[in-house]
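Participant: The primary structure of each chain is shown beneath.
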Amino acid sequence: MAEDQNTTNSRRSFFEKLGLAGAGVVAGSLAMYEAYQYEQIKKTEGKKVKLLTADGRLVEIDEAHVQSHTEDTSNLQERGRVGMEGKRFVMVVDLAKCRNARKCVSSCQNAHELRPEQYHMNVLQMQESPNTAAYNMPKPCQHCDNPPCVSVCPVDATFKRQDGIVLIDNERCIGCRFCMAACPYNARIFHWQEPKNALGESKVDERKYDVELNVPQKKGTISKCLFSADRLREGKLPYCVEACPNGVYYFGDEVEDSVTNGTTKETVRLSKLLKDNSAFQLMPELGTKPRVYYLPAKNRLFPFEKTEDPIEKTNV
Amino acid sequence: MKQRLLLALITLILLDFQVAKSQTPWDVPPEKTTKIASFKFTDEVRKDGEVIYKKNCVSCHGGIGVANFQPLVPSPGDPATEKFSKQTDGDLFYKITTGRMLMPTFKDILTEEERWKVIAYVRSFHKDYVQPNPDKAVADTTGGAKGTKVKLSINFNSERKTVEVIATSEDKGVKTMAAGVDIVLFVKRHFGKLKIDETKTTNASGVAVFPFPTDLPGDKDGNVELIAKIDNDKFGEVFTEAKMPIATPTQVTSLLEQRAMWGVRSKAPIWLILSYLGAVGIVWLVIFIIIGKLKKLHELGSKKTTQESDTSIPTNHH
Amino acid sequence: MSSEKVKNVAKPVDLEILKRDLYGHINLSTSFKAWMGFLTLLLGGCLFAYFIQLKNGLIVTGLRDYVSWGMYLSNFVFFVASSLIGMLISAVLGLVGIKWITPIARIAEIIAVAFSAVAGLVIVSDMGRPDRLLNVFIHGRFQSPILWDVTVITTYMVISVLLLFIPLIPDLAIGKKLDNLPKWLKKVYSILALNFIDSPEQRKIIASSIRTLLILIVPVALSIHTVTSWLFAVNSRPGWDSTIFGPYFVSGAFVAGSACVIIAMYVFRNSYKLKDYLTDFHFNQMGKLLVLVALVYLYFNINEYLVPAYKMQKAEAHHLHELFAGRYAVMFWLTQLGGLILPILLLLLPKMRKPKPIFVIALAVLLGAWFKRFIIVVPTMEGPFLPIQHVPHNYMFYSPTLIETAVTIAPIVMVVMIVSVLAKFLPIIPVYETAHENGIVTK
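Residue numbers (the numbering used here), protein chains in the order written: chain A, 1 to 316; chain B, 317 to 634; chain C, 635 to 1077.
No wet-lab data here; the hints were simulated from the structure.
Source: prediction; values computed, not measured.
The beta-carbon is built from N, C-alpha and C at its ideal position, and this holds for glycine as well.
Incorrect hints may appear among the rest.
Stated by the list, open to error - With a cut-off of at most 30 Å between alpha-carbon atoms, the simulated DSS-like pairs for lysine-lysine come out as follows:
hint, chain 1, residue 1, chain 2, residue 2
1, B, 511, A, 87
2, C, 811, B, 619
3, B, 545, B, 348
Said to hold, decoys possible - What follows is a set of in silico ranges between Cβ atoms, one per label pair, in the way DEER data are often shown:
hint, chain 1, residue 1, chain 2, residue 2, range
4, A, 280, B, 561, 29 to 37 Å
5, A, 134, C, 997, 23 to 31 Å
6, C, 961, B, 567, 16 to 24 Å
7, B, 575, A, 284, 37 to 45 Å
8, A, 284, B, 574, 14 to 22 Å
9, C, 964, B, 382, 47 to 55 Å
10, B, 604, C, 664, 49 to 57 Å
11, A, 285, C, 933, 26 to 34 Å
12, B, 567, A, 278, 44 to 52 Å
13, C, 961, B, 575, 26 to 34 Å
14, C, 834, B, 574, 54 to 62 Å
15, A, 308, C, 964, 41 to 49 Å
16, C, 960, B, 575, 22 to 30 Å
17, B, 569, C, 681, 48 to 56 Å
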């Protein structure tokens, strides 16, 4: 009998304690959530803003002069994460035209404030086997439809949008670099030190962080090719696509079945371009489902030149 | 000795042949050679031209007078050289407009004015150049005298699945159908204009007929924005636009609807969410139960008075 | 596996002798103070190195855009591996009914607690933005192996703490009454002893709690090292793209952990004069255990290297070449031969399973285990699918820096400190259990 009473008491006290613990957990997590919400709402202070113009200059202008569609940070975050509706962007790279001019590389590094050894877009000299032709291959992020980098991110800092583009939120990235390990194309880079245009400790960069441009870059976070998401909203081609002088890049929307050449500005049917030129993709057997197509290096109008990059002799 | 000389001569001739072959001549149609600009090349014009040159031309032709052009075949050449200065304005305008091989077609990239500005800039490096009098710029009289207004309109023939572009010209208030006018048709895409078929000429009734592709995607209702333009420099920029539901409607389902390993947390595969939460829940429930039992142990010790315990029972903890 | 008679003590004892032997080391001696002082200084220096890393960014390491995971990650794997030994000794061997592990179990749990507690700090030291650690809990994605890893390691640590604490309760109850213990420690003992008065109900709670936890910890512990192996195995990279990474890592963990325990046994046996409790027999048994787990690990190693070597796929061929004959050949063969194969062969001889020789062998095994994890992490990153071009020379090969080494040593020092403190202020050999297994009355 005493036994029963004891068990009832202990059961009751156990449930009391469980309830207390549960309440504690709820209260604790509510508190954490509130704190998080507070952090997210950033008020814009200061009257001047630093902006990056389309041709890569850093200017400081009155905030009032900025067009109203440049939203505050939380709106930029939201539209950056959602992406453009009804579009699925693709890139086509014509390997027959690439002469390793590297204008794509430099215009991208300029727009995203990268150092010379940091690449969102790199141009590699490829040769599959000793008897096959050597060629130059531009390598951006492939914006895969089954992105291994997005799968492994612990904090949803890198994400896929409805328009196919994979972006990185440098306000959230914790710098664990799992995504770098996961990417088989080595498309991602990390800011091992303060980024190129960092202002130093005493100054604050007033520019509103736009996840579609990923500027200002941040130390301790990841960066990569964004398919120039900031330009696409305005119907402008990505930085690399426009900068190429040799007609290597086509960029467009597979829903519209059209891609536009960055050099000639000619628009062609995507399906026809891929079919007529026997397009292929990089390592599709890995199941990544990339969004970049390559046209084989056939009928080249110039000889292939193997080059040595002096940066490979330096240490950084 | 004689044989050696002969051999050398033959080699020289053959080499010449090769060099000549690689510099295939770029012929300009005679009616284009005489074209000239309709405005004066001032310093401001040349300055504008310099900006355009640096953006569009310097990557292959290099700086003018610097001879740092790209080693392509055929060679772009330095625009300051005689190869360029001996050509007419019309030659240069034609070549920039049409392009050839690696040189792009600038017809849709630069307006006519912009092309003339580049030529103005290039000409500033040709010492003996004198600009032909701009007033003498002749408008082509075929298709109507100078001052004629030409208007375009677009129609869709649903039986034949063709787009019809109708050109009418108005001269002193009298409207007539304009025949023999070259029309080019585009569909607006997000980044540029997609050309439909080839340039078509209007027939005697002023109609140019374009077969329209049956598999071109439009918006969700099948709408596309059409642009019809006159494809020559006689009438300047004459074009018209129309939005018509003549293409294939597209329905795009969001890539983010599906559950996937790469999705956001709420779009994780169901089995994964259940396994994770289930495992964590069960294990931590057990942990909390045991912590609860320890509390009870603590209570038992404080409640009970010292009791004899049966120490002969060997406790087997493992 | 054990003989009929429990040989937990070398000669028959009574409770008083037990108390003297097993609590005798608990005091704040000068040698202990000197030891902790030394460790604190060392830790201070290492933490200063971490401060430099925080200030300047991870550029102070040898990591760059191609080898983006290096010594910090291999150290982390080593930590998770070593913490698994608690499960092996207490749970696997314990549940099976092995008796000779009684004096060793607490040492194993102390090691498990220390390593699993500090493992998280190793990962934090590798993060680019440690200030955003909370994001993992607020925004954590169920699909990320990192979230799984954080979850299981935390869970394992909590269970290990409980498995250290609960069997300790009776010993604390005995100890709180002893005269030779410092007063403050007796107070701590009293609180933590949770009013244990050796009543049947209390004994039942302790027995059932331990049993439940031992069963619970097996899947949890298997998970921690399997999930940690998945940090690598979920990536399409040569050397990591393996289906057997889970059992490969788990079996390797037992090797590293066994070596750790042997080393700890030897150190405490000598400094705390526990020759009668950690006897030659125990070392002999641990030696046999080490041979067994090492053989299993060797089996997995053969699978991991022989099978890709047979096929010689392009990227794998490059990777294997670097290990067998290239940049990492010396490290690879030293760890495999000196850290695995030679110890197996030596430990087959009974003479080698005596305390001193086995201690030296265990040191070699542990050192080999640390470098083996380096071999697993780094060479793969130096051989990606696409060529490495247009980057500085030091991007192509990895060399850890001095600061990186200091930040790597810091958590090792922390583990040593935790083990030292716990071993110093607690009876390392379970008193209550030893007493009861030898038929000694404890009340």
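Participant: Work down the list of hints and note, for each, if the structure agrees.
Facilitator: Tested hints:
1. At roughly 20 Å between alpha-carbon atoms, residue 511/B and residue 87/A fall within 30 Å of each other, so this suggested pair holds.
2. For the suggested pair residue 811/C and residue 619/B, the alpha carbons sit about 20 Å apart, so the restraint of at most 30 Å is met.
3. A hinted pair counts as satisfied when its Cα atoms are at most 30 Å apart, and residue 545/B with residue 348/B qualifies at roughly 20 Å.
4. In this structure the supplied range 29 to 37 Å holds for residue 280/A paired with residue 561/B, their Cβ-Cβ distance being about 36 Å.
5. Between residue 134/A and residue 997/C, the C-beta spacing of about 51 Å breaks the proposed range 23 to 31 Å.
6. A hinted range of 16 to 24 Å for the beta carbons of residue 961/C and residue 567/B is inconsistent with their spacing of about 54 Å.
7. Taken as a hint, the range 37 to 45 Å is violated for the pair residue 575/B and residue 284/A, whose Cβ atoms sit roughly 23 Å apart.
8. A hinted range of 14 to 22 Å holds for the C-beta pair residue 284/A and residue 574/B, which are about 20 Å apart.
9. A hinted range of 47 to 55 Å for the beta carbons of residue 964/C and residue 382/B is consistent with their spacing of about 54 Å.
10. Between residue 604/B and residue 664/C, the C-beta spacing of about 43 Å breaks the proposed range 49 to 57 Å.
11. The beta-carbon spacing between residue 285/A and residue 933/C, approximately 30 Å, falls within the hinted interval of 26 to 34 Å.
12. Roughly 30 Å separates the CB atoms of residue 567/B and residue 278/A, a value that falls outside the hinted 44 to 52 Å.
13. About 43 Å separates the C-beta atoms of residue 961/C and residue 575/B, a value inconsistent with the hinted range of 26 to 34 Å.
14. At about 58 Å, the beta-carbon gap between residue 834/C and residue 574/B stays in the expected band of 54 to 62 Å.
15. Between residue 308/A and residue 964/C the beta carbon distance is about 30 Å. The supplied range of 41 to 49 Å is therefore violated.
16. Taking 22 to 30 Å as the suggested C-beta distance range, the pair residue 960/C and residue 575/B does not conform, at roughly 43 Å.
17. For residue 569/B and residue 681/C, the Cβ-Cβ distance of about 53 Å falls inside the hinted range of 48 to 56 Å, so the restraint holds.
Hints 5, 6, 7, 10, 12, 13, 15 and 16 from the list above are not met by this structure, while the remaining hints are.
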